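*Asks:* Using the UniProt record's numbering, the first residue of the sequence shown is number 1, and each one after it goes up by one.
FYI, nobody ran anything at the bench for these hints, they're computed from the structure. Check the hints yourself; a few may be wrong.
[To be verified] Below, computed lysine to aspartate or glutamate pairings styled on DMTMM-like, alpha-carbon distance capped at 25 angstroms:
| no. | residue 1 | residue 2 |
| --- | --- | --- |
| 1 | K86 | D103 |
| 2 | K139 | D154 |
| 3 | K139 | D67 |
| 4 | K125 | D140 |
| 5 | K86 | E55 |
| 6 | K125 | D154 |
| 7 | K132 | D41 |
| 8 | K132 | D67 |
| 9 | K86 | D154 |
| 10 | K139 | E51 |
| 11 | K86 | D104 |
| 12 | K125 | D41 |
| 13 | K125 | E51 |
| 14 | K139 | D104 |
| 15 | K139 | E50 |
| 16 | K139 | E81 |
None of the values given here were measured: they were computed from a predicted structure.
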Amino acid sequence: MSTQTSSQQFPVGIPNALFTAIDHVGVAVADLDQAIAYYRDVFGMRLAHEEVNEEQGVREAMMAVGDSGSYVQLLAPLTPESTIAKFIDRNGPGVQQVCYRVDDVEAVATTLRARGVRLLYDVPKRGTAGAKVNFIHPKDAGGVLVELTEPPRDGAH
């Protein structure tokens with residue numbers, strides 16, 4: 001992973017800041033209902049959204065971190081073959097990814113590719129509540145799986 005000091009600038013026309021906020025931190029869990037109860041009862045977080053995402057192979061819940069607009073995304077596998085199940089088998093439950101909010105996931109992906117960064121998908125996929133998502137390959141992000149999310153225009157989570 002290359003580092004860049006604040007005095008370095010990208011070529012004209014390429015923005016320095018691609019991300020607008022930390023949208024959420026994804027946490028792999030074995031039992032979603034148990035994890036929701038824990039984050040609610042122990043940390044005082046509010047369940048903002050829950051859904052099953054068949055394409056991603058997960059049952060997920062977005063737990064609101066106060067009124068910050070940031071979330072902890074709890075991810076439970078739908079099948080033993082899902083990516084989250086494999087993550088839990090390899091690493092145990094825990095932080096699986098960091099997600100940054102962007103205004104235009106396709107434009108950000110194009111810029112990142114121009115900078116030599118690999119993304120997991122050629123085109124964005126459907127994420128939570130209809131968001132458009134893509135992922136930066138962990139080998140190009142210091143070993144961290146980085147998700148990029150463009151929330152639906154209605155702002156729902």
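*Asks:* Hint by hint, say whether it matches the structure.
*Replies:* Checked hints:
A distance of roughly 31 angstroms separates the Cα atoms of K86 and D103; the hinted pair therefore is violated under the 25 angstroms criterion. Only pairs whose Cα atoms come within 25 angstroms are accepted, and K139 paired with D154 is rejected, the gap being roughly 33 angstroms. About 33 angstroms separates the Cα atoms of K139 and D67, which puts this hinted pair outside 25 angstroms; it is violated. Distance hint between K125 and D140 is fulfilled; the C-alpha atoms sit about 20 angstroms from each other, no more than 25 angstroms.
As the CA atoms of K86 and E55 are separated by approximately 16 angstroms, the hinted pair is consistent with the 25 angstroms bound. Proximity of K125 to D154 is assessed by CA-CA distance (about 18 angstroms); at most 25 angstroms being required, the pair is judged to hold. Taking the CA atoms of K132 and D41, the gap is near 31 angstroms; set against the 25 angstroms cutoff, the hint is violated. Between K132 and D67, the direct Cα distance comes to roughly 23 angstroms. Compliance with the 25 angstroms bound is thereby established for this hinted pair.
A C-alpha spacing of about 33 angstroms is found between K86 and D154, which places the hinted pair above 25 angstroms, so the restraint is violated. At most 25 angstroms may separate the alpha-carbon atoms for a hinted pair to count; K139 and E51 exceed this at roughly 29 angstroms. With a CA separation close to 30 angstroms, the supplied pair K86 and D104 exceeds the 25 angstroms bound. For a cut-off of 25 angstroms, the pair hint linking K125 to D41 is broken: about 33 angstroms separates their Cα positions.
As the CA atoms of K125 and E51 are separated by approximately 16 angstroms, the hinted pair is consistent with the 25 angstroms bound. About 23 angstroms separates the Cα atoms of K139 and D104, which keeps this hinted pair within 25 angstroms; it holds. With a C-alpha separation of about 30 angstroms, the suggested pair K139 and E50 falls outside the 25 angstroms cut-off, and the hint is violated. Of the pairs offered as hints, the one joining K139 and E81 holds, with about 22 angstroms between alpha carbons and a cut-off of 25 angstroms not exceeded.
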